[in-house]
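Peer 1: Residue numbers (this note's numbering), protein chains in the order written: chain P, 716 to 1223; chain Z, 681 to 956.
Calculated directly from the structure, the hints in this document are not laboratory data. Where is the CB? At the ideal position from N, CA and C, for every residue including glycine. Mixed in with the good hints there might be a few duds.
Stated by the list, open to error - To be clear about the criterion: a stretch of chain P counts as covered by chain Z if any three or more of its residues have a C-beta under 8 angstroms from a C-beta of chain Z, and this derived list gives those stretches:
1. 847 to 859
2. 954 to 964
To be verified - Straight-line distance between alpha carbons at most 20 angstroms, and here's what the computed EDC-like set of lysine to aspartate or glutamate pairs gives:
3. P:Lys974 to P:Glu1032
4. P:Lys949 to Z:Asp846
5. P:Lys1199 to P:Glu1096
6. P:Lys791 to P:Glu811
7. P:Lys940 to P:Glu811
8. P:Lys1162 to P:Asp1182
9. Z:Lys863 to Z:Glu829
10. P:Lys949 to Z:Asp837
11. P:Lys976 to P:Glu939
12. P:Lys1061 to P:Glu953
13. P:Lys1162 to P:Glu811
14. P:Lys936 to P:Asp921
15. P:Lys940 to P:Asp1127
16. P:Lys1061 to P:Asp1127
17. P:Lys1061 to P:Glu1032
18. P:Lys949 to Z:Asp917
19. P:Lys940 to Z:Glu829
20. P:Lys949 to Z:Asp838
21. P:Lys936 to Z:Glu829
22. P:Lys936 to Z:Asp838
23. P:Lys1034 to P:Glu1016
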Amino acid sequence: MIDATDRNIRTLWLLAIVGCQQPVQERPPAAPSVAPSALARDTGGSGQGDLGPPQGPPIDAVLTAAPQVPPPTARKQPAKVVVALEVREVELPISEGVTYTFWTFGGRVPGSFIRVRQGDTVEFHLRNHPDNKMPHNIDLHAVTGPGGGASSSFTAPGHQSQFTFKALNRGLFVYHCATAPVGMHVGNGMYGLILVEPPEGLEPVDREFYVMQGDFYTVGKYREKGLQPFDMQKAIEENATYVLFNGSEGALVDDRALKAKVGERVRIFIGNGGPNLTSSFHVIGEIFDRVYPEAGTRMQENVQTTMVPAGGAAIVEFKVEVPGTYILLDHALFRAFNKGALGMLKVEGEENKDVYSGKEIDSSYLGDMMMPGGAVSVAAEQASQGELTIEAQIAAGKTLFTGTCSTCHQLDGAGIANVFPPLAGSDFLNADPRRAIGIVLNGLIGKVTVNGQEFNSVMPPMSQLNDDAIANILTYVLNSWGNKGGRIAAAQVSAVRAATPRPAGAAH
Amino acid sequence: MGSRLILSLVCALVLCAGHTALRADARARLPLARVAAGSFRPLLAPSSDGEPRAVSVRSFWLMTRPVRNDEFLAFVSRHPRYRRDNIPRAFADAQYLLRFETPTRLGGGARPLQPVTLVSWFAARAFCESHALRLPSEAEWEWAAAASETLADARRDDAFRRRILDWYARPVGELPDVPHGPKNLYGIADLHGVVWEWVEDFNADVMVADGRSRADTAAQNRFMCGAGALRADDVQDYPAFLRLGFRSSLQASYTTKSLGFRCARDDRASAQKERP
Chain P
716 MIDATDRNIR TLWLLAIVGC QQPVQERPPA APSVAPSALA RDTGGSGQGD LGPPQGPPID
776 AVLTAAPQVP PPTARKQPAK VVVALEVREV ELPISEGVTY TFWTFGGRVP GSFIRVRQGD
836 TVEFHLRNHP DNKMPHNIDL HAVTGPGGGA SSSFTAPGHQ SQFTFKALNR GLFVYHCATA
896 PVGMHVGNGM YGLILVEPPE GLEPVDREFY VMQGDFYTVG KYREKGLQPF DMQKAIEENA
956 TYVLFNGSEG ALVDDRALKA KVGERVRIFI GNGGPNLTSS FHVIGEIFDR VYPEAGTRMQ
1016 ENVQTTMVPA GGAAIVEFKV EVPGTYILLD HALFRAFNKG ALGMLKVEGE ENKDVYSGKE
1076 IDSSYLGDMM MPGGAVSVAA EQASQGELTI EAQIAAGKTL FTGTCSTCHQ LDGAGIANVF
1136 PPLAGSDFLN ADPRRAIGIV LNGLIGKVTV NGQEFNSVMP PMSQLNDDAI ANILTYVLNS
1196 WGNKGGRIAA AQVSAVRAAT PRPAGAAH
Chain Z
681 MGSRLILSLV CALVLCAGHT ALRADARARL PLARVAAGSF RPLLAPSSDG EPRAVSVRSF
741 WLMTRPVRND EFLAFVSRHP RYRRDNIPRA FADAQYLLRF ETPTRLGGGA RPLQPVTLVS
801 WFAARAFCES HALRLPSEAE WEWAAAASET LADARRDDAF RRRILDWYAR PVGELPDVPH
861 GPKNLYGIAD LHGVVWEWVE DFNADVMVAD GRSRADTAAQ NRFMCGAGAL RADDVQDYPA
921 FLRLGFRSSL QASYTTKSLG FRCARDDRAS AQKERP
């Protein structure tokens, strides 16, 4: 600082002497005006992370399975924390009727959540279960030291290793197996998160959740039944069969959905194990009030979608104001709707119409579906002349279905396992086609069993569709994908609509 | 700690002296088949100047299946110091032969024709020696194991590779009686798909090193994670990757539920031919 100032002063004098004509502005030598305040905000990295020797007796770390998060450490001094993690190679469901041999830290994917405080001394025990076939180890990104613990924890089946590290850097870190071939060990589910709290702890919130994305590569196609082996070639090509939150399709839906109440602040520790794909993490219908991108110390506000790199993490926080179901997804959308990267956050509480009204206007807007000569207008034309054919109904219904219904029930009517029931070959539909009119008009909330599978979600009322449109859609559905056929007339829809009482202001 | 190490070394010397006294057992003949000589580039080809070199394997004889429980029980009965209640910890860890109901009886947990597992390298070596045989070298084992039913080197055959990888991806489970799977070109079965197997020089490759331990010489540091992937001769040979990883996690006293062995011997014809 002093040297620099001296030099500046000398430079000024020099300028004054050499270029007399040039007016030299009289001002104090330029001090680095930005740097000091930036330094003041800097948390000091690992240089400030050694808070002295551990105090008090050793503490056994609380480990939790996703989506649970251990409670805050609530400590004011550094401690010695003992973490014991057991590696298990286990066959578990990856999707409905599909199993996979996962390699896990703690028996589940992702591995157990570990929570310590900056400056803690972590005594790490890695146990490789005797029934395992593979050697394993762990590389914690929270470790300062070559390999992140990998070579110190390299362990044959039926053996255990121990190493100790001081958590110098605060933040949320991925840990993973680093035994060659690393991609295969990670691809089989060997990852999890370790949170190193800042010394003062994290700001309290009402709910904390642990969600971790991973991509999986199986020999069989998506949802092909049975035990599916790892597909090395697909992994090398980064051609994922599944992209999942918390290790299985449906890990975060229905009864297992994340839950919160209106008015609460929610924090999600979102990690990405990879091995290959970067996540575009998004919650439909919410805006992240705060994001700590890449799980670093700096905060960003008002974010819609945050990137979570493979082998990285982020912390997102938001307040929930409106009740309902919020979908967590990787906004790379084919991963969400065709590879499983979906989860749910269910928020209960009082409606808040000031924030979100629900549907207010429901007039038809069919856009280019109504263009002259299109299937919908052909059907409308025929209907107006009283000679509507079933073929025209089916054609119009197909166009309308594609625009309105396929988002959830899918273009092939297969639905989404555990979330949206199938319409294809649906025993529920075929048992009572007229019941379907009421469901389209009024929606369906709660448990329903379709083809032996129980669903428990929400279909909103589609009463904005006119009677012709609903009749055509249902006729199309009844005559598609192995359903038993049949025909619904607009008059039938009118009758059901007339018989259904609706609250004032709701669509008729 | 230091004194315990010295004690172990003394034990080792005593036991090694014992080794030489192991007499070949002529009664129980172990089934062997001849593996033809060949030259191949293993996953981690040796190199003196950065250029990977092929490894030549002389013809040798190898058991056509892994060593079985009944054979190993006979061995420890004849050589009681290899019983689990007698063997020093320096030569076998605490799980050694724990599938046997008692030190001298198989019982329900270990069928006679299942491959023996939970054996240490010391014990496997002594077993082979008692039959006037030896453990195969890593190169010999890998060369014999590269053969499919029809090809001497099937390592690039996707179906062959796939079959091996599927086994590695599953937990141990119940071991079948051996021989179990199809015989390869040489008439040898179960090099893949039943158990891992000890080789004489199992610790030749150290796959995980952080450059700090005294064992991390340049030669041994060939296989760590990214560096290993770059240097390995065939980055897609995941089965070989997995075997090297497994072997390098072992110490000679270790035993695991999925680790057995088979014995080998020199081919006298080829040995004589090689001699000047």
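Peer 1: Between Lys1034 of chain P and Glu1016 of chain P, does the CA-CA distance stay at or below 20 angstroms?
Peer 2: 13 angstroms, holds
Peer 1: Given that the segment 847 to 859 of chain P was listed as covered by chain Z, double-check it with a C-beta distance under 8 angstroms for 3 or more residues.
Peer 2: holds (count 5)
Peer 1: Would you mind confirming whether the straight-line C-alpha gap from Lys1061 of chain P to Asp1127 of chain P stays at or under 20 angstroms?
Peer 2: 27 angstroms, violated
Peer 1: Under 8 angstroms between beta-carbons, do enough residues of the segment 954 to 964 of chain P, three at least, approach chain Z for the coverage claim to hold?
Peer 2: violated (count 0)
Peer 1: Check the hint pairing Lys940 of chain P with Glu811 of chain P against an upper bound of 20 angstroms on the C-alpha distance.
Peer 2: 8 angstroms, holds
Peer 1: For the pair we were handed, Lys1162 of chain P and Asp1182 of chain P, check the Cα-Cα distance against 20 angstroms.
Peer 2: The given pair, whose Cα atoms are some 27 angstroms apart, is violated under the 20 angstroms limit.
Peer 1: Hey, Lys936 of chain P versus Glu829 of chain Z, does the alpha-carbon distance stay inside 20 angstroms?
Peer 2: Violated - the C-alpha atoms of Glu829 of chain Z and Lys936 of chain P are around 29 angstroms apart, more than 20 angstroms.
Peer 1: Assess, step by step, whether the Cα of Lys1199 of chain P is no farther than 20 angstroms from the Cα of Glu1096 of chain P, and give holds or violated.
Peer 2: Violated. Lys1199 of chain P to Glu1096 of chain P sits at ~27 angstroms, over the 20 angstroms cutoff.
Peer 1: Measure nothing beyond the straight line between the CA atoms of Lys949 of chain P and Asp917 of chain Z; if it is 20 angstroms or shorter, mark the hint as holding.
Peer 2: 14 angstroms, holds
Peer 1: Given the hint that Lys976 of chain P pairs with Glu939 of chain P, does the C-alpha gap stay at or below 20 angstroms?
Peer 2: Roughly 37 angstroms between the alpha carbons, so the hint for Lys976 of chain P and Glu939 of chain P is violated.
Peer 1: Quickly compare the C-alpha distance for Lys940 of chain P and Asp1127 of chain P to 20 angstroms and report which way the hint goes.
Peer 2: 19 angstroms, holds
Peer 1: Within a Cα-Cα threshold of 20 angstroms, do Lys936 of chain P and Asp838 of chain Z meet the stated pairing?
Peer 2: Distance of about 18 angstroms is within 20 angstroms: holds.
Consistency with the previously given hints fails for numbers 2, 5, 6, 8, 11, 12, 14, 16, 19 and 21, ordered from lowest to highest.
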